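Asker: Which chain is which? The protein sequence lines are A and B, in order. The opening position of the first sequence corresponds to residue 1 in the working numbering, with each subsequent residue numbered one higher. The opening position of the second sequence corresponds to residue 418 in the working numbering, with each subsequent residue numbered one higher.
Watch out, some of these pointers could steer you wrong.
Straight-line C-alpha distance at most 20 angstroms; calculated EDC-like pairs for lysine to aspartate or glutamate [claimed, not checked]:
1) Lys64/A <-> Asp757/B
2) Lys481/B <-> Asp98/A
3) Lys410/A <-> Glu799/B
4) Lys557/B <-> Glu591/B
5) Lys303/A <-> Glu791/B
6) Lys481/B <-> Asp364/A
7) Lys64/A <-> Asp781/B
8) Lys347/A <-> Asp757/B
9) Lys764/B <-> Asp364/A
10) Lys363/A <-> Asp824/B
11) Lys410/A <-> Glu518/B
12) Lys827/B <-> Asp407/A
13) Lys827/B <-> Asp98/A
14) Lys64/A <-> Asp761/B
Keep in mind the hints are simulated off the structure, nothing from the lab. Computed from a predicted structure; not experimentally measured.
2 protein chains.
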Amino acid sequence: MELKKTGDIKFVKGGVCAAKGFKANGVQCGLSHAGASVTAKKNDLALIVADKDCAAAAVYTTNKVKGAPILVTKKHISNGRARAVIVNSVNANTCNPDGVEKAEKMCQLAADELGLKPEDIIVASTGVIGQVLPIEPIAKGIKPLAEGLSYNGNAAALEAIMTTDTRPKEVAVEFEIDGRICTMGGMLKGSGMIHPNMATTLTFITTDADISPEMLQRALDDVVKVTLNRVSVDGDTSTNDMVCIMASGTAGNKTVTKEDGDFGIFQNALYNIMLNLARMMARDGEGATKLVECAVSGAENDKTAEIVAKSVITSSLFKSMIFGEDANAGRIYCAIGYADADVDISKVSFDMVSKGGRIALGKDGCVLEFDEEEAKKVLAEEEIQVLITLGSGGGKAVCWGCDLTYDYVKINGDYRS
Amino acid sequence: MELKKTGDIKFVKGGVCAAKGFKANGVQCGLSHAGASVTAKKNDLALIVADKDCAAAAVYTTNKVKGAPILVTKKHISNGRARAVIVNSVNANTCNPDGVEKAEKMCQLAADELGLKPEDIIVASTGVIGQVLPIEPIAKGIKPLAEGLSYNGNAAALEAIMTTDTRPKEVAVEFEIDGRICTMGGMLKGSGMIHPNMATTLTFITTDADISPEMLQRALDDVVKVTLNRVSVDGDTSTNDMVCIMASGTAGNKTVTKEDGDFGIFQNALYNIMLNLARMMARDGEGATKLVECAVSGAENDKTAEIVAKSVITSSLFKSMIFGEDANAGRIYCAIGYADADVDISKVSFDMVSKGGRIALGKDGCVLEFDEEEAKKVLAEEEIQVLITLGSGGGKAVCWGCDLTYDYVKINGDYRS
């Protein structure tokens, strides 16, 4: 699939508050869970609220276990409209007998406080699966949360959606449609339980551009495929993943209603938002010290290229070798060889590239002799590219991942406490 | 698939030398590879030799990158016969331009020394992928290796096939066919780059039972599916995996030539050999501290049960939680939910069991409240079972895995040096 991407963009500050007419806030309402030694010492509840009704679209996890908030959000935006987002961390409100009831209650609390209807609210939760969500802290926290809403509240909201994230992840861009300056901004939470081929992690995007709900969903569906769905941290697909976008239309452009040039400009902006968030997520993979970009070309088709790239970035042996900065090229052939795709190994070659240089490691199915010192220089960098050519066609794909480290094991051996 | 399994077995000592008429030996010939700081300080070259010509069968890796020894062995046993095995560790002789030539040369060296034809020899290599195999150490080592062959040489041979293995893995059984006592023994190498759905790791099995090559292959094919193919350490499928079996017939039973009761007895013996080797391999997974057995029942069919069991044991988050002894039950639902199988999550329940007790963690799609102290007792043990019921039929499967630990990362971050 070739994305429609046209127009210039300019990166700006402000995350989900960058676009005109979006307020946000985050507070520490005091959520905790069984097995935790302390309650979170950070914000754990956030709101994003638009000044006016928005077109809304979302993509959800493909896991058959779906968090209760996912089910409720699906229902609420089935009309393509939304006005606000309420989201908590610490507790995922998933695999609970009363999950849907609690998620509905969160919407009701937000709606009451904001003077909206529950159906106007998008709800999301992230954290430990399978523990009943205590609603009291949320009921108590909603008032100060709403009272503190501001056009500069993106950082407070962003803190509230983080779990094992070590870095806040947000980005915003300006672009022009129909002579009007539009703005789009997004924030993302996620560093573990992340695997491609599904909407990955919690991502919230706002824009003041005017676009129909149908075209908003179309743009999101297309962009997710080549950004968030191309990231893997650990091969685990979360139960609560969701990316949602609200478009208020206050920028005043002619409403985008078909796949024309304006749609291309909009999609280009969205692509740049989500590409950057995807890369930030891979770089901040649980325990990760390095970002890996695997670009496959010369495939029979794009799908084959994607399967091969994902096979490499998800290989535990490959990921360990990146952490160890050890140019064990055979492992790359190994991961290409077990990818579920039609590949002629005797035509496969690859290089590794970083700021430290470029080194050819494999050619026509054989590992090359290489200078260990040069390889060390390439692998010592924080961002590393693996460029693979399959020699069989014009298909290509790029995927992102990270290294596998002691800290990944540490973080996940004791996540609850 | 239901295995034909009848008859009694008795565990005996001797590994690949347990069966009458099989000699073995291992020596340190001094193989090394680029990037290694020292040569191996252990045996690295082994022979297993039968006193007489044997029926032979093998199952190979499904990786499209196949080690050169695999290609040569396939050719050599295409007639269903073999007499000896030569195998080295340290260097996998894979992804090299001259790999097949070197593998043939290894067979030639062994054949010359043993007075056999190269076509009588099974060849295998394991170790680093993509480095040219130096043939000189093997040419020099073959003479002392052959001269030292003995009916008690199993331990020396076993040491020679180990790489990151921390424990020798061998097992042997006696059984009775047609009034004759038969013996079968096997040894296995493998602890990383191990994933189900293909022949896994290097395994060598010998028996003095009399069986046709066709039935030998049939028995092996069936047993591999429910033993070695049900183990995952890290989701990586090796390029050099092979399990081979030689049956000399010196026990004197009437040759097994069809799927009758005698075949059931033979297959039962083989199943017990390979089941034990498979469990040993999972327990000795790279860096592992615990063996995990995941038994799924109540599935629509056996295939669904297998897919679900594999999804759980391969989940990095599940494996990390086992290491951390943290009963994070939501992760088990999560891994079941993203398994590529038709599962009604609202009917899924599971318990965890060990010598430390039994604890119900999930029921009908919801995580149960449980006593943290009881859970800790269950998880503190070295062998842990996860019993999952899908509530949808009579299909079942058992798979084996291990925990994900700091040491896995350490071992694989710096495997070559």
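Asker: Would you list, in rising numerical order, the hints stated earlier that this structure does not obey?
Answerer: Those not satisfied are hints 2, 4, 5, 8, 9, 10, 11, 13.
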